[in-house]
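Protein chains: 2
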Amino acid sequence: MSTPATARETSSRSSVVERLSAMLEQDLAAVETLLNAKAASPVDIIPAMSEHIVSAGGKRLRPMITLAAAQAVGTANPSTHSLAAAVEFIHTATLLHDDVIDESDLRRGKPAAKSIWGNSASILVGDFLFARAFTLMVETGSLEILDILSNASSVIAEGEVRQLAAQGKPDLPTEDYLAIIEAKTAALFEAAARAGAISGGGSDHAAALASYGKNLGLAFQIVDDVLDYGGTTSVIGKVVGDDFREGKITLPVIIARRRGRAEDQAFWARALDLDKQEEGDLARAIHLIRTTGAAEATIAEAEAYVGLAKSALSSLPDTPWRALLSELADFCIRRVS
Amino acid sequence: MSTPATARETSSRSSVVERLSAMLEQDLAAVETLLNAKAASPVDIIPAMSEHIVSAGGKRLRPMITLAAAQAVGTANPSTHSLAAAVEFIHTATLLHDDVIDESDLRRGKPAAKSIWGNSASILVGDFLFARAFTLMVETGSLEILDILSNASSVIAEGEVRQLAAQGKPDLPTEDYLAIIEAKTAALFEAAARAGAISGGGSDHAAALASYGKNLGLAFQIVDDVLDYGGTTSVIGKVVGDDFREGKITLPVIIARRRGRAEDQAFWARALDLDKQEEGDLARAIHLIRTTGAAEATIAEAEAYVGLAKSALSSLPDTPWRALLSELADFCIRRVS
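Residue numbers (the working numbering), protein chains in the order written: chain A, 16 to 352; chain B, 16 to 352.
Calculated from the structure, these hints are not laboratory results.
Since we're looking at a predicted model, the values are computed, not measured.
Glycine included, every Cβ here is placed at the ideal spot set by N, Cα and C.
If you want the footprint, here are the derived chain A segments under chain B, 3+ residues with CB under 8 Å:
| no. | region |
| --- | --- |
| 1 | 49-62 |
| 2 | 175-182 |
Chain B regions said to be covered by chain A (calculated; three or more residues, Cβ under 8 Å):
| no. | region |
| --- | --- |
| 3 | 50-63 |
| 4 | 171-178 |
With the hints as extra help, turn the sequences into a complete structure.
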């Protein structure tokens with residue numbers, strides 16, 4: 016296991032993502048090189064779209080989890096770099112397809128790729144990056160890793176189909192919501208952490224890190240879903256309401272509806288039907304989520320998963336990496352306010 | 016190598032596809048079992064859509080090439096079955112995405128899956144089947160096969176993106192057309208044959224079978240493209256004109272335009288611009304393709320690739336399988352009239 020020499024050099028006041036990025040600087044640089052190399056194509060639009068979505072955005076959270084998982088139980092090596100790049104490509108491919116499905120024109124505050132290059136190119140370049148992810152995984156030389164990630168990929172698609180079928184149905188049971196986000200979001204975090212451990216040489220800790228990844232992914236998505244209604248406070252400049260406008264049923268809505276009066280329940284039933292949404296509905300939805308305490312209850316649910324993620328780390332060797340993974344779980348919740 | 020006992024039992028007057036199907040009966044049955052098993056999902060819409068597109072349609076041409084390639088140089092075995100099923104899933108996933116991209120409402124004369132379940136479900140179930148293809152390939156236990164098919168998959172997507180960029184551009188050079196169909200169609204035939212040979216235990220013949228597959232794929236697509244204008248004769252009941260209505264530039268158009276008078280060239284430039292297509296344009300296009308001899312010239316080009324496919328087989332052991340693969344190449348051309 017390589018000693019994280021930069022750990023003491025970085026200020027404790029910088030965010031855990033910044034400190035992890037600093038400690039993983041060389042590994043992340045290797046991953047970036049792979050991302051650029053594997054997005055290369057003689058067909059100009061492919062690297063252009065990849066650059067737009069891969070290079071321009073994102074915290075590289077999933078590759079970072081893969082690399083930190085490997086370091087926490089062994090050593091991040093060239094195979095781990097290929098795996099981490101593959102995980103990011105799978106994530107990117109799903110973003111390109113999600114933009115088409117959600118009919119969203121913005122992604123991370125910038126125009127979505129499909130707004131610039133069109134739906135067809137977004138579908139095809141998503142397919143290209145997904146195929147490249149598997150080429151990268153072949154480079155790990157591990158059929159076990161390929162199995163983990165190909166299974167996670169089909170689970171992600173299943174989760175997205177379930178989410179599609181649940182759109183506009185405000186009586187979605189909490190358990191179904193959790194099953195959807197476990198598939199569409201947590202499965203990739205789980206696979207990234209599990210495969211990272213295996214790739215780093217720490218297969219004995221793969222199950223623990225898988226549990227960490229899954230629970231972190233659940234917390235991450237739940238927090239994302241409450242942020243889409245402004246969290247517990249109005250954050251100026253933050254774009255809200257995407258889920259609402261798409262009729263996506265998320266935990267804050269489920270809880271607010273459950274706790275609401277009869278007329279509020281009628282409101283949710285109408286307002287989440289895309290054909291019947293009216294001006295001012297989003298403001299009322301946010302108001303109901305605040306006044307019923309649904310925002311706090313949603314965050315409490317996320318906190319429970321953060322707790323599970325952190326306890327899953329208890330069997331790991333006591334290293335700075337373990338401490339940082341634990342802090343990373345806390346960071347999920349701090350995004351809310 | 017297993018002896019094809021059924022070879023003499025089937026009539027020489029039945030088509031080569033029927034005879035290959037008979038000889039590969041047990042192998043194809045194993046592939047069907049895998050296709051059904053791997054399309055299974057607790058999310059109902061997934062097996063329903065898979066059933067619609069996988070079970071209901073297609074000649075299983077690509078799996079048949081994989082299996083016959085394995086038999087021609089070794090033995091089709093459980094790994095070959097997983098590979099053949101993976102190849103069919105990759106093909107099916109591209110069909111689901113193509114339907115969304117081409118905005119086509121029909122597929123093999125039936126309503127396209129996206130006409131029934133919508134664009135979003137088509138994208139996601141395509142992704143699901145693509146992921147399942149890689150799970151199937153993991154079952155082959157061969158990183159070499161995974162490498163071949165993941166590379167082919169990215170080449171297919173590249174070809175589709177190039178085709179998209181070429182839409183409505185009637186001055187597309189022949190070489191660019193050939194590069195597009197080599198990527199979008201021939202790459203999967205090539206990979207199916209190459210990986211089939213490797214999986215069957217005949218790696219020494221993999222390059223020859225790859226060449227066979229590539230040239231067969233080129234011939235197959237060229238024939239498909241002339242059939243979309245009715246081939247050399249009007250075939251009653253055959254749906255024609257899809258490519259024309261989508262502004263796809265294919266070989267019959269390239270040749271007819273090259274050989275046309277000035278006013279014909281102006282016609283092609285206008286009529287392939289989707290915003291300017293008029294009633295009666297398709298009839299005129301078919302007329303020009305016939306009168307300039309472009310249909311025959313296109314078929315001659317396909318015949319050249321059939322010839323290359325057949326010569327690629329010369330280094331293979333002299334078996335009934337080799338003879339059938341050779342006949343299968345001839346079958347491509349016979350589809351025209």
